[in-house]
Amino acid sequence: MKLRHGILAATAAAAIALSAPVVKAETFKFAFQGNLSSLDPHSLNETFLLGSLNNVYEGLVLYDDNLKVVPGLAESWETIEPTKWKFNLRKGVKFHNGNDFTAADVKFTWERAIGEGSDQIARASKIKNVEIVDDHTVIIETPAPNPILTSDLVNILIMDKEWSEANNTANATSASADNSGNFANLNSNGTGPFKVDEHKADVKTTFSKFDGYWGSMKSNVTKIEFTPIKEAATRVAALISGELDLVYPVPVQDWKRLEEAKGVKPLAGPEARTIFLGMDQGRDELLYSNIKGKNPFKDIRVRQAFAHALNLDAIKKKVMRGAATPSGLMIAPQINGHIPELNTPYEYDPAKSKELLAAAGYPDGFEVTMDCPNNRYVNDEKICQAVVSMLAKVGVKVDLLAQPKSKYFGKVLATGGYDTSFYLLGWTPGTMDAENVFSSLLTCQNKEEKKGLFNLGNYCNPKIDELTAKIGSETDQAKRNALIKEGFTILKEEVGYLPLHQQPLSWGVREGVELNQRADNALDFRYVVIN
Amino acid sequence: MVSFLFKRLIQSFIVMFTVALIAFSMFRFVGDPINNMVGQDTTQEQREELREQLGLNDPFVVQFLRFAGNAVVGDFGISYKFKVPVSEMIAERMPATLELAFVSAVLALVVGIPLGVYTALRRNGVISKMVMTMSLFGVSLPTFLIGILLILFFGVVLRWLPTFGRGDVVDLGFWTTGFLTKSGILSLILPSITLALFQMTLIMRLVRAEMLEVLRTDFVKFAKARGLPDRSVHFKHALKNTLVPVITITGLQLGSLIAFAIITESVFQWPGMGLMFIQAIADVDIPIMAAYLVLIAFFFVVINMIVDILYYAVDPRLRTSDGS
Numbered sequence: 377m378k379l380r381h382g383i384l385a386a387t388a389a390a391a392i393a394l395s396a397p398v399v400k401a402e403t404f405k406f407a408f409q410g411n412l413s414s415l416d417p418h419s420l421n422e423t424f425l426l427g428s429l430n431n432v433y434e435g436l437v438l439y440d441d442n443l444k445v446v447p448g449l450a451e452s453w454e455t456i457e458p459t460k461w462k463f464n465l466r467k468g469v470k471f472h473n474g475n476d477f478t479a480a481d482v483k484f485t486w487e488r489a490i491g492e493g494s495d496q497i498a499r500a501s502k503i504k505n506v507e508i509v510d511d512h513t514v515i516i517e518t519p520a521p522n523p524i525l526t527s528d529l530v531n532i533l534i535m536d537k538e539w540s541e542a543n544n545t546a547n548a549t550s551a552s553a554d555n556s557g558n559f560a561n562l563n564s565n566g567t568g569p570f571k572v573d574e575h576k577a578d579v580k581t582t583f584s585k586f587d588g589y590w591g592s593m594k595s596n597v598t599k600i601e602f603t604p605i606k607e608a609a610t611r612v613a614a615l616i617s618g619e620l621d622l623v624y625p626v627p628v629q630d631w632k633r634l635e636e637a638k639g640v641k642p643l644a645g646p647e648a649r650t651i652f653l654g655m656d657q658g659r660d661e662l663l664y665s666n667i668k669g670k671n672p673f674k675d676i677r678v679r680q681a682f683a684h685a686l687n688l689d690a691i692k693k694k695v696m697r698g699a700a701t702p703s704g705l706m707i708a709p710q711i712n713g714h715i716p717e718l719n720t721p722y723e724y725d726p727a728k729s730k731e732l733l734a735a736a737g738y739p740d741g742f743e744v745t746m747d748c749p750n751n752r753y754v755n756d757e758k759i760c761q762a763v764v765s766m767l768a769k770v771g772v773k774v775d776l777l778a779q780p781k782s783k784y785f786g787k788v789l790a791t792g793g794y795d796t797s798f799y800l801l802g803w804t805p806g807t808m809d810a811e812n813v814f815s816s817l818l819t820c821q822n823k824e825e826k827k828g829l830f831n832l833g834n835y836c837n838p839k840i841d842e843l844t845a846k847i848g849s850e851t852d853q854a855k856r857n858a859l860i861k862e863g864f865t866i867l868k869e870e871v872g873y874l875p876l877h878q879q880p881l882s883w884g885v886r887e888g889v890e891l892n893q894r895a896d897n898a899l900d901f902r903y904v905v906i907n
Numbered sequence: 224m225v226s227f228l229f230k231r232l233i234q235s236f237i238v239m240f241t242v243a244l245i246a247f248s249m250f251r252f253v254g255d256p257i258n259n260m261v262g263q264d265t266t267q268e269q270r271e272e273l274r275e276q277l278g279l280n281d282p283f284v285v286q287f288l289r290f291a292g293n294a295v296v297g298d299f300g301i302s303y304k305f306k307v308p309v310s311e312m313i314a315e316r317m318p319a320t321l322e323l324a325f326v327s328a329v330l331a332l333v334v335g336i337p338l339g340v341y342t343a344l345r346r347n348g349v350i351s352k353m354v355m356t357m358s359l360f361g362v363s364l365p366t367f368l369i370g371i372l373l374i375l376f377f378g379v380v381l382r383w384l385p386t387f388g389r390g391d392v393v394d395l396g397f398w399t400t401g402f403l404t405k406s407g408i409l410s411l412i413l414p415s416i417t418l419a420l421f422q423m424t425l426i427m428r429l430v431r432a433e434m435l436e437v438l439r440t441d442f443v444k445f446a447k448a449r450g451l452p453d454r455s456v457h458f459k460h461a462l463k464n465t466l467v468p469v470i471t472i473t474g475l476q477l478g479s480l481i482a483f484a485i486i487t488e489s490v491f492q493w494p495g496m497g498l499m500f501i502q503a504i505a506d507v508d509i510p511i512m513a514a515y516l517v518l519i520a521f522f523f524v525v526i527n528m529i530v531d532i533l534y535y536a537v538d539p540r541l542r543t544s545d546g547s
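Going down the list, the sequences are from chains P and C. Quick note on numbering: our numbering labels position 514 of the first sequence as 890, and the sequence is numbered without any gaps. Quick note on numbering: our numbering labels position 67 of the second sequence as 290, and the sequence is numbered without any gaps.
In short, the hints are calculated from the structure, not lab data.
Incomplete in silico selection of chain P near chain C, CB under 10 angstroms: (1) Leu420; (2) Gly792; (3) Asn812.
If you're wondering where the values come from, they're calculated on a predicted model, not measured in any experiment. Using N, Cα and C, we set each Cβ at its ideal position, and we do this for glycine too.
Just chain C, same shape as in the assembly (with noise of 0.2 angstroms):
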């Protein structure tokens, strides 16, 4: 266990090295962030300077090894576009784009899971087949368009929700919050359906699918024959097998629901993370970018690692395998 840990571990830094590495090349063909940061009537002489204490001048090495000693002490430097330190803007940026993956991934799982079971259920029933051509275009539609058709008719055409923000949030000293205010709750009711839609349709047909799996097995069958009543038969028995694969593609997707969480945010002028990052890419604001994308990468690895663990620690297989 400790030395699956210990390769875990060293797998994970290598993985974060390389997307530092490959994000901090990529800097480079963004644009000139000096442009970004003075006024037209700025002369050459102080860009310059500005670009010289930036560092900007340093080899490419050099720039790199300097911002990756820093964070790796959790320093990620100055905005250049807001002047204030990026792990600040980051701590004030998080609770909005965590608030909204939490959110969706609740709406996911309780929409999706049910959703699955009855058309897996009434494979052949009217509803059944309305949901699943629905479900195609959950699928298929890019994000985008769904939250701008979304605010269209809740926010424009019905004016039932707000169309963009986070509403009033409350500020617990290291959170803000918008599950305490009214405006905060309806704020987060479009922008959450935009963002689960997509793991809500995967969801669903992923159980509807090891659904239809499992009822078509020995125990199944079994379980009908000593007449067991037909909920019991479906709930207790089957569901409860298709869940296993259900959990792991959630704890993976939660990841992605954070990282994908960008265009919702934009759409919706949702101020989280992904916002920040988009806004970021435009002002060519590097320090922001790159901690960004390292706190993402961060996200992905610490969550493949929750997942291997339990996998190690739930199947006596992979033990076995790896003493011998």
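Just chain P, with the same shape it has in the complex (with noise of 0.2 angstroms):
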């Protein structure tokens, strides 16, 4: 009897401290589906690790809300010569512990992420020196000219080489090496808005407000909370119980659940990530189809028929509930060097595409197999099944090979020496300059000089690789923006992929919260404001 009084009190009391508010107006506790896996900034290149970390550390130049370039911890920047940039340090500028920011630290940055153990050496491999002229003046040299240097500087973050050095962590932390228990990895000092109190990867993560920071912001959270919650379900559940301000993604079949819920809402925009399908071009016979000794692909005819046998408005209503936008062109609207007049897709036209098919030889079309990963993108094995569906219906039968990531990309990439015929990726550019996609997409595939690693199929044309050559050091921002035209033009004569759309970010958030959705889906701390 006792016993079930003390319960029943138990639960009385906690029914009563639950039903008041719990959120305090200036903690911010969101959820994402990933986990923060390092708070070192050159471990790995990743857009939510780096996203998060732009909070804490800073980098030269930073993005604005829109992602546009504006200046971080250099005040302003020229070119003295085409392969020299002079920049201009913000002065005053503190670390987390009190340090002050110099020019020793940006050369110190660059030589840890071009340094053993980095994921950033790509990036860092673009500067070829960092001269200081100062303790406020850099002069950063690139191997060749550069016109986007800047966008590649936002996610080059700068890091105390007085504190990395005392706590023996001048390089970047890697599973491989043997500096385990890298300080870096779970310690953080950058200048940014924002320091890490507690960090326990795939835990919790805590961050508070630091106020010290250089600069202004609309922000008035003092306190932020990130837990990485993997299910999709328990995700949307916390937001609706009023547990969390914001989760992402949310589940686009979710949407009607958090409208007429009450206090949350869902937030949509478009992503900067273009989803797109490749064919193999390459091989002289397709790996998986019933085609022998020729591949039909290589055949202009058979990838224009593939084009117009898309019915991407369906895709975008059926599978994405209206929330994806159709594209015409490899990059999205936000990425530099888009060019609207190309973004109108293939047109759908089934008969079209039975007449080309006829026309190339297949009147009863062919087999191929299709690799799809199913736990990448937004419905990413829903979008490949309405594929199958509609080139089924101009005879070309496929089978459907649905994987997770981890194994759909060890098979078609280059670690599985590009196993497949026909396939569904997306892609962001890391600097979100048009370059990245000709560079990691539209050059042909070579080993030695690195390029065209992302090319899976191997679409290659000697004219696209010369256009990117020249995009790659242009400075000129007009001639620069035509070669890009001229580049894309091509592409989409030839028909070297078929892009689809620019898939949906997906947040839910609490009524009364403010933030910035980004379009490379990384959260702004900077711009969160509670209500």
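Grab the two chains, each in its own frame, and use the hints to assemble them into the complex.
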């Protein structure tokens, strides 16, 4: 009897305590599906890690709310020679531990980012040398003229030389090197608006406002709590129950639920990621097909037939619940170099598609296997299923192989020997510039020169290679844009790829919370306001 | 006794070795770890270099022996994803899982045994029939669904209980506990019910069946004939005799509570070892996967051994047959 009273009392007390609002106005709690694997900004070149750490560390330049490059730790810059940039560093900037930010930190950071164990080598290699002029001036030398150097500098996050050396963390955290227990993996010391209070990888990370921040910001938040929540259903429930202020991503099929629930709303916007289909145009015989001795995808008529067989509007409506933006280009509107007039998708015309297939010698179509991830992009497997049924209408029998991303990428990427005939992939250029798409997806595969690494189907046109090189070094914006346009026009005429859409960003927020939904799916704490 | 123990130890060792071997050979089919460890701009050359450094190009036997050799001395390597020693991660995550399993086991016993006794004594009562019907749900509904339903009802609709996580925990240095804070205790309720439900119904049905059996035996009839009060007959004589199999099952089930906490942990984002394992599969974090599987095998082996030793101590017949 006593026990029962006790339980009743405890339940009652709990109910009373919980009915009062738990969330304090100045604490912002959010959940993401993935985890923050490390606090070391050079340990992994991944959007979520860099996006989160951009609140703690800063680059010489920053992204604003629209992904435009604005001054950060550098106040201003100029190109003194095509390959030499002079950066004037901001004065009076302090790291979280009180150390001053100086030119030595910039040089140290570059050396760390290009050094052993770093996953930022590709980015840091775009710099040949960092020369310290004085405490607040550096000259950055590039191996070749580079019009988009600043886009790369956003994610080369500046670390404190003194702190790193004192804590024996002058090299980036890596699983392979013998520097386990790397200090910077679990500790941080940046110049950003928030500092990390506690970091338990894969459990919880808490941030608090850094009072000595040099800049001003919109946010009124003083504490931020991040929890990774892997299960989508749990994530959505936690938002609706009022325990969290923001969760992402929210499955598009749950939007209606969020609209109907009180006090929360879905927040959708176009992501800078383009989803597309690629075709093996390199091999003389397709790996997974009933056609032997030749490769149908080498015939432009077959590629055109595929393009006209796809109904992008139907995918948008049925699979993406109206939330995708059908695309005719390999880059999103937010990306530098986007050409609106080329963005119209190929016309949906199954009759024409059949004619083209017949003209190419496949009146009854053919068989091919399609590789597809099932946990990487928004509704990826469902998109592939829709593609399969659309192609079936024109006689092409597609055998779908949908797998978890680890298996999928292990098969189709270079490590798996590009083992695919037809695949779905998504791409956000890390520099937010078209050049990245040209050099990664459009140039011919070239292992020696490390080019076209993600051109899985080896679409190859020497003219595009030529243009890519020019785009990489042309500093005149107008000329450069003309080159980009020329390249994309060739690609479109040759049907080198089949762009599908920009997938939606799908977040769920508590009402009364204002924030900026950046197109690269990163959360910038500086714009979070709780009313 | 000593030879028995020695035999069991050798058997346990073989079991552990086999589990490790099977687990390790399965990892080759989970995918390529390298792609999860680097960004999209990382060059082919660097990827190959990383693969070489991690020893992933070595023949299977070499990789396995290296792993087994290190595991024997408690070194499970460094997590590919988090870049910290796996043994540290396990030590950090173990309290969450053990506390959850402990509360679930207690819950299953405290609720399961009385209900079993009650339904055995009042076989035809309305309440008994209701409990029996409900218990069918407990056995047949998948854990995932139960968890989601509980979250929806108590977390989203009523808003009484937290829907995810462990709440605030107190760090005792070697152990983090949720027992000492209010949010920690509240956070335990839903996951522990979810995890306990299956065991609870199992124990209930077991106790009921055993009780029905025992109630029919002569000594119970005799006790009744002696005019002992019902209370004494049911609890002192009957229940006592049903508890032997219940204790055995509970002991064995404790292992599965820990092992099968995976689903409950991922539904409730409970930061225990099961969640870590699920995450590791998605990331192809081989060191974590290997360590977890070996550890779970170790739990089972130890629990089984303790149960065996208890039998040996309790049942004299085992000793004589061993000697002959």
